[in-house]
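Participant: Take a look at the letters that make up each chain.
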Amino acid sequence: MSEALAFLWLPFLVAVCLVGIHAYFGIQVLARKVIFVDLALAQIAALGATAAFMLGHPAQSFATYGYSLAFTFTAAILLAFTRAWAGRVPQEALIGVIYVVAAAAAILMIDRAPQGAEHLKQILTGNILTSGLQDLSVIVPLYAAIGLLHWSLRSRLTGTTSLVWDFVFYATFGAVVTSSVAIAGVLLVFSFLIIPAAIGVTFGATLGTQLAIGWIAGTLTSAFGLLASFLLDLPTGAAMVCAFGASLAIAGLLYPLLRGDRRYALRTTVAAARWGVAALLAASAVQLAAAPRADQPLLDVAETMIPSLRSLYLSRSEATTFADASAYAARYNAEAEQLNAQEKGRRTEGDTLDDFSIARISSFLKSYGEMQKGEQFVMQEVRARARERIRWVGAFGLMMLALLGAPFSWRSAAGWLSR
Amino acid sequence: MRCAHLAAALAAWCVLVSATLAQDRIEVVTTTTDLRSLTKAVGGERVAVVSLVPAGMDAEEYQPKPQDALRLKTARTFVRVGLDYDLWADRLLLTTSNPAIRRGGPGYVDASYGIATLEVRGMSVGPGDGHAHGNGNPHYWLDPHNAEVITATILAGLARIDPESAGTYEANRKAFLARLNEKRAEWETKLAPFRAIPLVAYHNSWPYFARRFRLDLVGFIEVKPGVPPSPGHLAGIVRLMKERGAKIVVREPHEPQRDVAFVAEKAGAKVATLAGSVGALPRATDYIALFDANIDALTAAAR
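Chain order of the listed sequences is F and V. Residue 88 in the working numbering sits at position 88 of the first sequence, with consecutive numbering throughout. Just add 1000 to wherever you are in the second sequence, counting from 1, and you've got the working numbering.
Keep in mind the hints are simulated off the structure, nothing from the lab. Keep in mind that the hints are not guaranteed to be accurate.
Claimed, not checked - Straight-line C-alpha distance at most 30 Å; calculated DSBU-like pairs for lysine-lysine:
1. F:Lys366 <-> V:Lys1224
2. F:Lys344 <-> V:Lys1183
3. V:Lys1224 <-> F:Lys373
4. V:Lys1190 <-> F:Lys344
5. F:Lys344 <-> V:Lys1242
6. V:Lys1183 <-> V:Lys1224
7. V:Lys1270 <-> F:Lys344
8. V:Lys1073 <-> F:Lys344
9. F:Lys344 <-> V:Lys1247
10. F:Lys344 <-> V:Lys1266
Said to hold, decoys possible - Pulled a few chain V residues facing chain F out of the computed Cβ check, cut under 8 Å:
11. Arg1091
12. Ala1116
13. Thr1117
14. Leu1118
15. Val1120
16. Gly1136
17. Pro1193
18. Ala1196
19. Ala1210
20. Arg1211
21. Pro1228
22. Ser1230
23. Pro1231
24. Ala1235
25. Asp1259
26. Phe1262
Even for Gly, the Cβ is constructed at its ideal location relative to N, Cα and C.
My request is simple: use the sequences and hints to build the entire structure.
Facilitator: Listed below in structure tokens is the structure:
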């Protein structure tokens, strides 16, 4: 656990800073209905950095940052005008156009300087896991300054629709997004921006409560996502984005329970869940009866979780064949790994293996791979045949389970039948 | 006056001959810059070689351009890495109207033919070592010894198209291998003090290099291509580096700087930027310079 803390405390602090500023901007973005503006601004910043790179400036230099910022401010002017231009065409469409053109222009530039590809990737796919004190030393003063500016100008920035204040909004937002996307990547920054704000707006009435709810939800979700990524060995950014998605789903489920008629909401939720389960079981029953040899997702998941379920429908000889094939497949895999390890060991210890021995090992490895595949085929075939045999009984059983699970009024059904 | 006419005619004839000679050059297209360098070494003046993937770009993620199809149209020979490294070439070859260079045609050369491949995992994908290749690790040109096999395959391919020049190709290849062997001895002496030195690489591009120069690759930062490493994996790599005393992280110029610098800092190691292909570093101008650059970078980091 101490290892986890050593790896995660800095990313967590960075996430807290990012949630802090983005939840605020998210509420503004939701109010202005310009949801994807952060993607457009990030892409423009990346385009600026690519241009700087093409002109010979090294990555992470002052000049590169200057180019990014200059491009972002230019885009902010364009964005400030989009509200005026958006008559028949919604503002979001114009923002989307800015995004795709910036992305395509960057690709065209990179085509002339291949080393720039990595450069562009670094700007748009930051990894929050590898962020550190250096990032914090940049974003804490920057975000504090922008936060103070917005607080002092709050009456002007929220209500009115003047071009100048729109420009100030987009320019400051661009400065925030440029740095945050480089740290955390496009996907995660979008989640930081929209999800805590959406939860805040759902439950809070004033800007203050909305912000407080967004901050709490965002911080808790970040901590949960980081921890899950460590414990379950998942890529951090993607795990956090999914955690944010889950938190929004939970908030959506909680909303009617907290705000509406509680008893009615609870009853509807339970009924919906039962209908869902019943539909899943019924669909599996139809799939088993109609195409027993095809994939059976529900059965496959159940068997992976509880392997003993297989004994319900495999005959004794089938079960033996299945177990044997599984054991052989594992053995071939282990032997192949042993050969690979042996080859790797000889790279540095003793005499090197000559090409002939290497080729021999390779052909052994290929054979082991094929044999392993063969055993896997046997396992699939045994299972498919057994499923084919029990298709009608199995489908009937699943259908009965579905009927039992469905929130169905048996009394009225019986009354209808006796009529 | 007659003299002048004669001189003019002679000059015109010279121009014509040199033009036909230039036209006569066999057009060869390779997927990577490494194969371009090796094909040049064998073909010499008789061939005009272009490579499709620009220097310094990740060849596994290359997306062909319309110009590439045009280049293939007039090519007599097509040389590829194979082993699923340049899979995009299959689709590109299907779009070309030049059947001679398609798979099975006389102009098709798979340079992996006859290579003793490492880390074969059959057709099923084994546990993560950074590759989804069942056919073995495709970075085989990073062992200079394999250049003997690759150039032999290229020689056979060129001789199929242009049998008259087979002798020239043979002589070119011999001269190149003599120079390479001389350099190999030099490289091996340079790296001899660092035998079995533990290294961590970003991507598993270096098993052939490690085998030839007797280096110990203990782990990789990128477990699956295109998926960022998880914190658990990075923590494991840092722990492993401390246990094994690995003080060098190997990175190619197109691989992310941040992730590599992060691991190196946590483990107190240095980053060595090596070229995985000709042209990936400014110094790596051809196949031999590629090893010169890499071995100098590695010895500098190990010292």
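Participant: Now look at each hint and say whether the structure bears it out.
Facilitator: Hints, one by one, checked against the model:
no.	hint	in the structure
1	F:Lys366 <-> V:Lys1224	holds (21 Å)
2	F:Lys344 <-> V:Lys1183	holds (25 Å)
3	V:Lys1224 <-> F:Lys373	holds (21 Å)
4	V:Lys1190 <-> F:Lys344	holds (22 Å)
5	F:Lys344 <-> V:Lys1242	holds (20 Å)
6	V:Lys1183 <-> V:Lys1224	violated (35 Å)
7	V:Lys1270 <-> F:Lys344	holds (23 Å)
8	V:Lys1073 <-> F:Lys344	violated (42 Å)
9	F:Lys344 <-> V:Lys1247	holds (20 Å)
10	F:Lys344 <-> V:Lys1266	holds (26 Å)
11	Arg1091	violated (19 Å)
12	Ala1116	holds (4 Å)
13	Thr1117	holds (5 Å)
14	Leu1118	holds (7 Å)
15	Val1120	holds (4 Å)
16	Gly1136	holds (6 Å)
17	Pro1193	violated (14 Å)
18	Ala1196	holds (4 Å)
19	Ala1210	holds (6 Å)
20	Arg1211	holds (5 Å)
21	Pro1228	holds (4 Å)
22	Ser1230	holds (5 Å)
23	Pro1231	holds (5 Å)
24	Ala1235	holds (5 Å)
25	Asp1259	holds (5 Å)
26	Phe1262	holds (4 Å)
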